[in-house]
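Chemist: Starting from the known structure of chain A, fit chain B onto it as the hints suggest.
Quick mapping for you: the protein sequence lines, in order, are chains A and B. To convert, note that position 51 of the first sequence is 51 in the numbering used here; the numbers rise steadily by one, no gaps. To convert, note that position 114 of the second sequence is 190 in the numbering used here; the numbers rise steadily by one, no gaps.
It should be emphasised that the hints constitute simulated quantities derived from the structure, not laboratory data. Treat the hints with care, as some may be off.
To be verified - Covered stretches of chain A, going by a simulated chain B footprint (3 or more residues, C-beta under 8 Å): (1) 32–39; (2) 52–63.
Claimed, not checked - In silico DSS-like links for lysine-lysine, alpha-carbon gap of 30 Å or less: (3) B/K204 <-> A/K36; (4) B/K191 <-> A/K32; (5) A/K32 <-> B/K150; (6) B/K150 <-> A/K29; (7) B/K150 <-> A/K36; (8) A/K40 <-> A/K50; (9) B/K234 <-> A/K40; (10) A/K40 <-> B/K150; (11) A/K32 <-> B/K204; (12) A/K40 <-> B/K204; (13) B/K213 <-> A/K50; (14) B/K213 <-> A/K29; (15) A/K40 <-> B/K100; (16) A/K50 <-> B/K150; (17) A/K50 <-> B/K160; (18) B/K234 <-> B/K150; (19) B/K223 <-> A/K50; (20) B/K160 <-> A/K32; (21) B/K150 <-> B/K160; (22) A/K29 <-> B/K204; (23) A/K50 <-> B/K204; (24) A/K29 <-> B/K160; (25) B/K160 <-> A/K40; (26) A/K29 <-> B/K191; (27) B/K100 <-> A/K36; (28) B/K100 <-> B/K223; (29) B/K234 <-> B/K223; (30) B/K213 <-> A/K32; (31) A/K36 <-> B/K213; (32) B/K223 <-> A/K36; (33) A/K36 <-> B/K160; (34) B/K213 <-> A/K40; (35) B/K160 <-> B/K191.
Stated by the list, open to error - Not the full set, but computed from the structure, chain B residues with beta-carbon under 10 Å of chain A: (36) K150; (37) K204; (38) A228; (39) E229.
Yeah, the Cβ is synthetic: ideal placement off N, Cα and C, and Gly gets one too.
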Amino acid sequence: MRTLIVGLAAIVALGLAGCGEQPQVVQYKQGKYQGKPDAKPWDSPEFGGKQADWERAINTRAQHQNEYARTGPSGR
Amino acid sequence: MARMKFLCDAERCIECNGCVTACKNTNEVPWGVNRRRVVTMNDGVPGERSISVACMHCSDAPCMAVCPVDCFYKTEEGVVLHDKDLCIGCGYCFYACPFGAPQFPQAGAFGLRGKMDKCTFCAGGPEKDNSAEEFSKYGENRLAMGKLPACAEMCSTKALLGGDGDIIADIYRQRVLTRGKGSEVWGWGTAYGPGQKPPAAQPKS
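Just chain A, with the same shape it has in the complex:
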C-alpha cells in the first residue's frame, strides 16, 4: 500500500513538473537585435571608459601601417 502511495505521488510530481516549464524560445521582435548587449571597446581596463584615449590609441596604431610616415620620403 505504501509503495502504491509513493508511486502515485511520484507520478503526480512528475506530471506537474511540466507545468513549471519556462519558455526557452526568444520572443523575436522583427528588425530589432535580440541578443546580449556588448560593451564598448573603450570600457576595457586599459582605457577605463575614456573614448578619446581609445580613439587616439587606435589612430596612432593605424598610422603605423603607413611606411611613408614611418620612414620618411623615399628620396625619389
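Modeler: Frame of chain A, contents of chain B only:
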C-alpha cells in the same frame, strides 16, 4: 570617429596568406572555417592580382537585413557583429553576403551546419571583453586592447590596411600618389629609364 574598415591594395598583395594565418592563429578558428582568404585573379597570367577578402563590415550590411532571428548588430565604431547564442545557422547571410564572409563549421554528421562564424574585426562579440567565453565563441578582442585586427597588422607588405576609414583612405591615397600608376608601379622607369615604357600587357580573354 569614422567607421572601421579594411582596404586591400591589389598592387601590393603578394598572396603570402600571412593575413589568413594571422587570423587563424589569433582567433583559433576551427578547421574548415576561413574568416579571411586570399583571392587571386588571372592566376599565373602576367599581371595577376590578389586581394585579401573577409567581412567588409558593410555600412548597409545585407546579412543584417536577411537574418530571420536578427542576431546581427553594428557597434558604434561600425563593426558588424553577431550573437552566436541567437544564430540558428540557417545560412541566409551566406547567400546575401557579396564577399562570402559568413562561414559555417560542421557541427555534426551528414554536413550538419553549426552557428555562423565570421570576421569580427578582432572585436570579439557580446560577451565580457577578453573573457574565455568570448574567446571561444568569437576570438580575440584586440580592439578593446587598443590594437587593430591581427591580419592587417601582420601584413608584410602592408597591402591590407585596417582601421578608421578616413585614416586608411589617407594612407592609400598617399601611397598611390607616390608610386604613380601603370608601369611606374613596378619600377620599369627606374630600371630602364624614362621613355622606354612598353604598354601594359593585357590578359588574353
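Chemist: So if I understand the rule, the pair passes when the alpha-carbon distance is 30 Å or less; does B/K150 with B/K160 pass?
Modeler: The given pair, whose Cα atoms are some 14 Å apart, holds under the 30 Å limit.
Chemist: Take the C-alpha atoms of A/K50 and B/K160, compute the straight-line distance between them, and say whether it is at most 30 Å.
Modeler: Holds. A/K50 to B/K160 sits at ~28 Å (cutoff 30 Å).
Chemist: Given the hint that B/K234 pairs with B/K150, does the C-alpha gap stay at or below 30 Å?
Modeler: Between B/K234 and B/K150 the Cα gap is close to 27 Å, so the pair holds against 30 Å.
Chemist: Within 30 Å, alpha carbon to alpha carbon, are B/K150 and A/K36?
Modeler: holds (13 Å)
Chemist: Can you confirm whether the C-alpha distance between B/K213 and A/K29 stays at or below 30 Å?
Modeler: Measuring from Cα to Cα gives roughly 24 Å; hence the hint holds.
Chemist: Three residues minimum, CB to CB under 8 Å: does the region 32–39 of chain A make the cut for coverage by chain B? Let me know.
Modeler: holds (count 8)
Chemist: So, B/E229 near chain A? Judge it on the closest CB pair being under 10 Å.
Modeler: Holds, because the Cβ-Cβ distance from B/E229 to chain A comes to roughly 8 Å (cut-off 10 Å).
Chemist: Given the hint that B/K223 pairs with A/K50, does the C-alpha gap stay at or below 30 Å?
Modeler: holds (15 Å)
Chemist: Taking 30 Å as the top limit, are the C-alpha atoms of B/K150 and A/K29 close enough?
Modeler: Holds: B/K150 and A/K29 sit about 17 Å apart, inside 30 Å.
Chemist: Tell me if the straight-line CA distance from A/K32 to B/K204 falls inside 30 Å.
Modeler: Satisfied, since the Cα-Cα distance of roughly 22 Å is no more than 30 Å.
Chemist: Take the C-alpha atoms of B/K234 and B/K223, compute the straight-line distance between them, and say whether it is at most 30 Å.
Modeler: holds (16 Å)
Chemist: Is it true that the CA of B/K213 sits at most 30 Å from the CA of A/K40?
Modeler: Holds - the C-alpha atoms of A/K40 and B/K213 are around 18 Å apart, at most 30 Å.
Comparing the model with each numbered hint stated earlier shows that all of them hold.
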